[in-house]
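J.: The lines below spell out each chain.
Number of protein chains: 2
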Amino acid sequence: MKQTLARTSIRYLSDKAARFVPQSGVYPKGFVAGGIHCGVKKDGKSLDLALLHNTFGKDASAAAVFTTNKFKAAPVQVSQRIIKETKGSGINSIVVNSGNANAVTGAQGIKDAEDMVIVTDSVLESKPSSTLVMSTGVIGNNLPIDSILSGIPKLALSHLGDKHENWIECAQAICTTDTFPKLVTKQFQINSDTYTLAGLCKGAGMICPNMATLLGFFVTDAPVSPSALQQILKYAVDRSFNSITVDGDMSTNDTIVAIANGAAGGELIELNSSCAERYAAIQKEITDFAQQLAQLVVRDGEGATKFIKIRVKDSLSYKDAKSIASSVANSSLFKTAMYGKDANWGRILCAIGYANVSNGNSVIPSKTSVKFVPVDGSESLQLLKNGEPEKVDEERASQILEDEDLVIEIDLGTGGGQSADFWTCDLSHEYVTINGDYRS
Amino acid sequence: MKQTLARTSIRYLSDKAARFVPQSGVYPKGFVAGGIHCGVKKDGKSLDLALLHNTFGKDASAAAVFTTNKFKAAPVQVSQRIIKETKGSGINSIVVNSGNANAVTGAQGIKDAEDMVIVTDSVLESKPSSTLVMSTGVIGNNLPIDSILSGIPKLALSHLGDKHENWIECAQAICTTDTFPKLVTKQFQINSDTYTLAGLCKGAGMICPNMATLLGFFVTDAPVSPSALQQILKYAVDRSFNSITVDGDMSTNDTIVAIANGAAGGELIELNSSCAERYAAIQKEITDFAQQLAQLVVRDGEGATKFIKIRVKDSLSYKDAKSIASSVANSSLFKTAMYGKDANWGRILCAIGYANVSNGNSVIPSKTSVKFVPVDGSESLQLLKNGEPEKVDEERASQILEDEDLVIEIDLGTGGGQSADFWTCDLSHEYVTINGDYRS
Chain D
1 MKQTLARTSI RYLSDKAARF VPQSGVYPKG FVAGGIHCGV KKDGKSLDLA LLHNTFGKDA
61 SAAAVFTTNK FKAAPVQVSQ RIIKETKGSG INSIVVNSGN ANAVTGAQGI KDAEDMVIVT
121 DSVLESKPSS TLVMSTGVIG NNLPIDSILS GIPKLALSHL GDKHENWIEC AQAICTTDTF
181 PKLVTKQFQI NSDTYTLAGL CKGAGMICPN MATLLGFFVT DAPVSPSALQ QILKYAVDRS
241 FNSITVDGDM STNDTIVAIA NGAAGGELIE LNSSCAERYA AIQKEITDFA QQLAQLVVRD
301 GEGATKFIKI RVKDSLSYKD AKSIASSVAN SSLFKTAMYG KDANWGRILC AIGYANVSNG
361 NSVIPSKTSV KFVPVDGSES LQLLKNGEPE KVDEERASQI LEDEDLVIEI DLGTGGGQSA
421 DFWTCDLSHE YVTINGDYRS
Chain Z
1001 MKQTLARTSI RYLSDKAARF VPQSGVYPKG FVAGGIHCGV KKDGKSLDLA LLHNTFGKDA
1061 SAAAVFTTNK FKAAPVQVSQ RIIKETKGSG INSIVVNSGN ANAVTGAQGI KDAEDMVIVT
1121 DSVLESKPSS TLVMSTGVIG NNLPIDSILS GIPKLALSHL GDKHENWIEC AQAICTTDTF
1181 PKLVTKQFQI NSDTYTLAGL CKGAGMICPN MATLLGFFVT DAPVSPSALQ QILKYAVDRS
1241 FNSITVDGDM STNDTIVAIA NGAAGGELIE LNSSCAERYA AIQKEITDFA QQLAQLVVRD
1301 GEGATKFIKI RVKDSLSYKD AKSIASSVAN SSLFKTAMYG KDANWGRILC AIGYANVSNG
1361 NSVIPSKTSV KFVPVDGSES LQLLKNGEPE KVDEERASQI LEDEDLVIEI DLGTGGGQSA
1421 DFWTCDLSHE YVTINGDYRS
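Same order as they appear, the protein sequences are chains D and Z. Counting in our numbering, the first sequence runs from 1 upward without gaps. Counting in our numbering, the second sequence runs from 1001 upward without gaps.
Where hints are given, some of them may not hold.
List time: in silico DSS-like cross-link candidates among lysine-lysine, alpha-carbon distance up to 27 Å [unchecked claim]:
1. D:341 - Z:1042
2. Z:1385 - Z:1367
3. D:319 - Z:1070
4. D:186 - D:163
5. D:309 - Z:1070
6. D:70 - Z:1042
7. Z:1309 - D:70
8. D:70 - Z:1058
9. Z:1058 - Z:1087
10. D:186 - D:16
11. Z:1341 - Z:1070
Derived by calculation from the structure, the hints in this document are not laboratory data.
All chains should be built: construct the whole structure from the sequences, respecting the hints.
T.: This is how it looks when you write it as structure tokens:
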């Protein structure tokens, strides 16, 4: 299933790649991107070094959310420090290597991450601390830093561009066990101004809720202040990257970065009341976009054969709705039942019942209803109504479970009216195969 | 892998069964046990109805811990009520069916569970509410109650006994996807009194920490008051059944019951200072025994090929030590790595790093050390020392990982001195196979 993109001809080896990798895109002004093989990945050819750079004359705004894991990888520590020191102003580049996470690598790891920043800043003639750094891959080995440091100038000087192919290569170069590069683009309007978003991410394993759960970045040519961008990013990530799961594991390297360079013009969107309307508009655009991007991670969940949305309705709070959705989405028994196309809704209820909710009245068995909602628009199938099991048409259930996509709707019936969506995949033999033998 | 024990000849179809099912046992005085096929399991022959009964003249003491899942199965609700009403005094029988969990079965489910109690009490000529009831199996279908109610007299009148075979059949009759019946016996002394413990449990799926995680009961002929027994049971279960995991799912039916009939004589062990020494002695015996029993559940974890103890040392508190051990024990990435015999200790660190600890200083990366401890007594293998990775001898690591058993020792280096043990298994292809197709 693993995909290798040759440098010059982009070949899609998986069916999913053919369906989810765009053939073209519309890109934000003033950014160049690219990826090369520099020598981290051992096959000698897979892309493993990515760079994204703001070429617009003005300093860009940046925002970031990082893993809350206590063992933060070196690049996370370095990027966190840079965001803090610069307050998100003047971040013009992101450099990423894949194949090695530079995590739990001691003092040498910190120095290597800092050197990646220094060399990128220098070769792109930027001020110091204009670059954020990310790494993804195996934990506990020091980077082959010489290959990376000599790769950066090669990439920066000869392999960056604003073409679709450059962006695809950039997306490919951050992948590890991903079976396809994840790239989304979108154009939108705020009043009379047209803006563009491009987003890249990588996922596949160690995907878990309640924080930035993977590597990802999105860039826009809209003008947004650093503090407004930070707040928007947090809102969007809570409802996208923090509302997906593949295996419940939370990586040491999770980082999501947003950069806005303002190259498309228009008035700056800031955190003040005069911007409220434009702020709300761009927050909605970025949140929708982040959900689209995050869903690709679930589509490409390690070994996934199913794409499942858990929608929890009529909760007393968004927090409890999300907690219940997350509990179902992370249940190994539920996920294996989905893999087996088994309408074993008892496992759904079971996971609702042990969800960690803050309000004792959030789950009342006699008010809880559950149904399967097919994505083809055909009639939904009620499984449980007000705590009582329905007589389920097993044939219809099997028919619905044949589809790759499924929505499971849980109505808590509390009268609270709050809802949350969560996206997950199934747990398959292939997941075990991939993770039982990742390092070799 | 599924095992069928014929009624008269006990055949062990799995290697694990041969290793973990005792060929004989020493049983507490004044108890009879047994199991039959009554018609719940669809193969028409597997044992699916179990009964355990106190024949000693005096009323026995009982204690129980139940699932905290919001969707409590009908038998859990009924047994909880009986324990509450009787304050644990005069519980003389436990009746269990396997093959159907009687969970999410509405008012009919409650009536069925109550009828199981009524018929058992009646046929054994006990006072009303002398019986606790349990069910295990598929969720959401009503019990074939007629088969069960006509099976109870047959079992109670003709198939109970105090022989090893009777206990094995009782243990077999509570199994679902278990590959072997789980039965442990033990004799111990307190001062000059000799007491005996017999314990049965079933597990395999939906095993998860932080509560009674499966069906189990243990009985002793020691004399213990109901309130003392309840407190001892809670202590023992916290350190045994609540310190194991197979898949992190928490069932709607989890119940652990202890019964003490005092048939071996001696002075009653109560909750008062004059009993302190004997209380401490029996608490230790029961806790060790509960750990032995709980470990069998991990040994028979669905699809398990490994048996792993996570020991967390030098924590600021028992609670945080247990939380960290649980986090590692439940990580899908860690469990698949163990299945793949891959010394991917980065995944161990990662899970330590996202553990839910109450004290911010419980995990300090620069003080954390991790090693593999082989169970054959050979030298342990240091993987991480004070936050810095060791140069790992991969050949030695592979050698250690060839063993079925492994201890992973995590030293937090906080100076707090508290420790916790947690037991887990690996996540294999077979787990996915079993759970992808459990109902059919």
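J.: Next, verify each hint and record whether it holds.
T.: Tested hints:
no., hint, verdict
1, D:341 - Z:1042, "holds, 21 Å"
2, Z:1385 - Z:1367, "holds, 8 Å"
3, D:319 - Z:1070, "holds, 18 Å"
4, D:186 - D:163, "holds, 15 Å"
5, D:309 - Z:1070, "holds, 23 Å"
6, D:70 - Z:1042, "violated, 50 Å"
7, Z:1309 - D:70, "holds, 23 Å"
8, D:70 - Z:1058, "violated, 56 Å"
9, Z:1058 - Z:1087, "holds, 16 Å"
10, D:186 - D:16, "holds, 21 Å"
11, Z:1341 - Z:1070, "violated, 37 Å"
The earlier numbered hints that this structure contradicts are 6, 8, 11.
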